[in-house]
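Sequences are here, hints too, so could you generate the full structure?
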Amino acid sequence: MVLQALAFYVFAAVAVAAGIMVVTARNPVHSVLFLILAFFNAAGLFVLMGAEFLAMILIIVYVGAVAVLFLFVVMMLDIDFVELRQGFVKYLPVGGLIGIVLLVELFVVVGGWVSLPATKSAIAEPVREGVSNTAALGRLLYTKYVYLFQAAGLILFVAMIGAIVLTLRHREGVKRQKIAQQLKRTRAESVQLVKVKPGEGV
Amino acid sequence: MEGGFWTDFAWPAVLLVIKIVAVIVPVVLAMAWLTYAERKIIAAVQLRKGPNVVGWFGLLQPIADGVKLIFKETVIPSGANKVVFIIAPLMTFVLALVGWAVIPFGTWDGGKLVVSDINVGILYLFAISSLGVYGIIMSGWASNSRYAFLGGLRSAAQMVSYEVSIGFVLITVLLCAGSLNLSEIVLAQKERGLATVLGVPALTFLNWYWLPLLPMFVIFFISALAETNRHPFDLPEAEAELVTGYNVEYSAFTFALFFLGEYMNMILMSAMTSILFLGGWLPPLDVSWLNWIPGPIWLALKISFFLFLFILARAAYPRYRYDQLMRLGWKVFLPLTLVAVVVYAGVLLYAGWLPK
Amino acid sequence: MNWVQIQPALPEIVLACAAMALLMLGVFRGERSARLVSWLGVIVLAAVAILVASVTPTSGRLLLFADMFAVSLYGAFVKILVLGASALGLVMAIGYNQREGIARFEFPVLIITATLGMMMMISANDLIALYVGLELQSLSLYVVASFRRDSIKSTEAGLKYFVLGALASGMLLYGASLVYGFAGSTNFAQLASVLTAKDAGNAGVIVGLVFLMVGLAFKISAFPFHMWTPDVYEGAPTPVTAFFSAAPKLAAMGLFVSVLVGPFGKLVGQWQQVLVLISIGSMALGAFAAISQSNIKRLLAYSSIGHVGYALIGLAAGTEAGYRGVLIYMAIYVAMTLGAFAVVLCMRRGGQMVETIPDLAGLSKTRPGMALVLLIMMFSMAGIPPFAGFWGKLYVFMAAIDAKLYTLAILGVLTSVVAAYYYIRIVKIMYFDEPADAFDRMPDRELGLIQAAAAAFTLLFFLFPGPLVRAAEQAVKSLAG
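Protein sequences, first through last, are from chains A, B and C.
Position one of the first sequence corresponds to residue 1 (this note's numbering), numbered consecutively onward.
Position one of the second sequence corresponds to residue 203 (this note's numbering), numbered consecutively onward.
Position one of the third sequence corresponds to residue 559 (this note's numbering), numbered consecutively onward.
Hints in this document: simulated from the structure, not taken from any laboratory.
Do not take every clue at face value.
Straight-line Cα separation of at most 20 angstroms, EDC-like style, residue types lysine to aspartate or glutamate; simulated pairs [what the hints assert, rightly or not]:
(1) A:K178 - B:D525
(2) C:K711 - C:E913
(3) A:K175 - B:D525
(4) C:K923 - C:D995
(5) C:K986 - C:E913
(6) A:K144 - C:D625
(7) B:K221 - B:D311
Here are the simulated distance ranges between beta carbons [said to hold, decoys possible]:
(8) B:V544 - C:S735: 33 to 43 angstroms
(9) A:T24 - B:N346: 18 to 28 angstroms
(10) B:P557 - A:V61: 19 to 29 angstroms
(11) A:L140 - B:E393: 22 to 32 angstroms
(12) C:Q831 - A:G153: 33 to 43 angstroms
(13) B:Y524 - A:I164: 14 to 24 angstroms
(14) A:T24 - C:V912: 42 to 52 angstroms
(15) A:R171 - C:A724: 27 to 37 angstroms
(16) C:Q831 - B:K533: 50 to 60 angstroms
(17) C:S751 - A:G50: 25 to 35 angstroms
(18) A:F149 - C:I959: 38 to 48 angstroms
(19) A:G50 - B:V544: 23 to 33 angstroms
(20) A:Y9 - C:S735: 18 to 28 angstroms
The beta-carbon is built from N, C-alpha and C at its ideal position, and this holds for glycine as well.
Below you can see the structure in the form of structure tokens.
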């Protein structure tokens, strides 16, 4: 238990620190790298909670794919920091005001935290012993939440169509490699043996 | 809190360190002589002799190379982003090592020979292999060099593309095995499969997934080549266009770390292929004298076989062009594996072969 | 879960499968298939509308998918209207897209997925299902808003819509998570049983509810979350604007009603005040900001904000008569807005779209039929009897007076007087100004048909109000029970 507590504090502290660095780092590439660090620590926290499947999926999907593309894009951007800061100062009063209002609301809400009396019965029950959380997740996802699961799939479907619609351009006059055609070529139709006599050329 | 500091913390920790060392040292040694084997095999293919000066048959060549790299000066370009520049090779190296934590080497006295027998081992390996791209993309960016940057970008796009089909192949395997644990996957290949269905349980090698999942096996191996940036998909370091790409600014020990990382990744991917498709530590036939040979040796043999294929691919194939690489990944492998997942799942469900 | 159990969700399933099938058809037939796919899309939407009518039980509510999806007459009413509006929007877009060179087969697919999202929103019986449906709809709409991707205005419209829409989704999620945190459930039925009038003082639930309403108010473009509307309406391709002003608004309004009445029904005292403010703001903004507009699309944008304000009066009333008023108002509004946009789509001169109000000058001389249709639409929107718009307003105002919301009703009448100024100004420009050059010939026969149908509906509604009113009444009854 001591080790687990220790691990929790390490993961949590690094995650929070990395999160702060994401916002404050001057270099956007560093921001993304800190974001990745934060993901890692979040995955660590998942493992501590016994949700190893989620932890691995977090790393595979977010760190392995999403953040790579992030990094990809950010590296190619040429961001003018002076300009960014100017905008920052300009919008600080409005943004700050909204932030403070939200913060105050949050304090009011949390300060007056009273869960409704009837709530207890509705709280989800924990996973039973002896069921691995991959299996438990699968069971829940494909039975109770199948509607949402399919709907989420549809959203991704739309996202895919959208990305293609808005970016794909068919360029005219581009020669494309047709591998099937290349493979279909036989020796007979593509090579010709010519006897060349010296001094005459082909 | 029962028990003392020693029994609860110190002794398990020591045991863990011993386990880790027992895995890492052979891997690093294997990696060193893998470079030697590569040079020898390619030399043989090209009718040359290969390294033959240092030691008998040039056997000490890897050590000579290592000593050279260690004693050279590490040069950091003045325009480089120093921290990221240093972290990148370290990351490549460390990631290539941590994957070994979940590789099962066999069974011993009923226990499993594995550093960490986690439930989601296959996902862990997948995650680690997908992280390999960071070392490359970070080094490409931090070098502040166009060649390196292009190499990094190529690598990022390539690895993300092939990861998708690798993921689908993994799904077909775990549909057959019914577990995400690597040891369970190996054991599933021992007990159930084609040989059992045919009524010849002694022919264990027919039980392995290479046969029923043959197309997936081939796709996985090719994707593994792409995932490790090996020939014929070594575009990130294409020396003819990018003067070795992402690691062009690296020298001496930092370069050595990249080199080590790449070769250890090869070994790791070979180990993964062996476990998923060739029954890991299992002997090919269920007969007593083959069973007597310990599991790690069988695993090593299978890994060596795949490494040999890796090297042969390098000797035999010209490099892909970038659009061909993308075409293969997205237009051939992705649809194929997607269909395969549906087909295999359907067949398993329909025939009632789904694991319990 | 077997076939019989999920049968009530058949319309949604058919629509989802149809979207994928049409996409495949388009991919394999190539770019030239846009017209074919569009017409097939129209047929699918119409067929699904019939399907909705046939699977819905005549009374009560059917719950399926672990109580996340509710099928009732209320849902069927809104869904059929939405499907009709989507189908008409699609019909209006076919010819336009071809003329403007943006005809692509993805357009009908995106319209269908958007419609599917709307149907899922309307049927939502769970906060998560609500969010998922909303997101499916919004994502499709972001893409169609910037469908003319080579035009800066269109891409700006899409981007603006996307950024603000994402913000609104964030607000909605924040509210939903607060509600979940305090009430312990996301299911509407459980929320309704947990949240009683005694909990009116629970800050968490109230703040959550307010955030939820903010997100939904954004989707129906009610004041003060309307700022995206004029820009998006102006920038998006005109048939897309027509679609935006009809189907999504209808669906979001239907969702707004079912969310407030269902799980939060007992907190009516809390949300009523917020709604009154939103409603007054929307009506005033719609009336005053539209006066200075010279672009007809922007004018219709402000007008739609105003109409949302009027519809919200019925919701603010918090009575069955009020909800019935909302449904009737929205149905009439959809007919009016589609008719008006069908006219706007005919505003072409020399092969180019024109969209300023002075372009309409003297339309009665050059194109009397079109002028007459627009006149009917404008009079109806202004709420002049005996056109349909007047009856819509009458129903919500009566409901407000019955609920003793006198201020709201009086302000509603006053703002509609102000709004009448700019509606009638258009009529004056068409009928009394010196004629400008004539517009091109009516580009599509379908546009003429839609104009005629919308005009006939608005003109003759007062003779046969029975079917719509009765259907709305039945729908509202199933909402409560």
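For each hint, the structure was consulted:
1. A:K178 - B:D525: It holds: about 12 angstroms lies between the C-alpha atoms, which stays within 20 angstroms.
2. C:K711 - C:E913: holds (14 angstroms)
3. A:K175 - B:D525: Given that 20 angstroms is the threshold and the Cα spacing comes to 12 angstroms, the pair holds.
4. C:K923 - C:D995: Distance ~10 angstroms between C:K923 and C:D995 Cα, so the pair holds.
5. C:K986 - C:E913: Given that 20 angstroms is the threshold and the Cα spacing comes to 17 angstroms, the pair holds.
6. A:K144 - C:D625: Holds, because 9 angstroms separates the two Cα atoms, which is no more than 20 angstroms.
7. B:K221 - B:D311: Distance of about 16 angstroms is within 20 angstroms: holds.
8. B:V544 - C:S735: 33 to 43 angstroms: Distance hint for B:V544, C:S735 holds at roughly 36 angstroms.
9. A:T24 - B:N346: 18 to 28 angstroms: 23 angstroms Cβ-Cβ, so the 18 to 28 angstroms window holds.
10. B:P557 - A:V61: 19 to 29 angstroms: holds (25 angstroms)
11. A:L140 - B:E393: 22 to 32 angstroms: holds (29 angstroms)
12. C:Q831 - A:G153: 33 to 43 angstroms: 40 angstroms Cβ-Cβ, so the 33 to 43 angstroms window holds.
13. B:Y524 - A:I164: 14 to 24 angstroms: With a Cβ separation near 21 angstroms, B:Y524 and A:I164 satisfy 14 to 24 angstroms, so the hint holds.
14. A:T24 - C:V912: 42 to 52 angstroms: holds (51 angstroms)
15. A:R171 - C:A724: 27 to 37 angstroms: holds (32 angstroms)
16. C:Q831 - B:K533: 50 to 60 angstroms: Holds - the Cβ-Cβ distance for C:Q831 and B:K533, about 58 angstroms, lies within 50 to 60 angstroms.
17. C:S751 - A:G50: 25 to 35 angstroms: holds (32 angstroms)
18. A:F149 - C:I959: 38 to 48 angstroms: Between A:F149 and C:I959, where Cβ atoms are some 47 angstroms apart, the hint holds.
19. A:G50 - B:V544: 23 to 33 angstroms: Roughly 32 angstroms apart at Cβ, these two residues keep to the hinted range, so it holds.
20. A:Y9 - C:S735: 18 to 28 angstroms: Check passed, 26 angstroms falls within 18 to 28 angstroms.
In summary, this structure violates none of the numbered hints.
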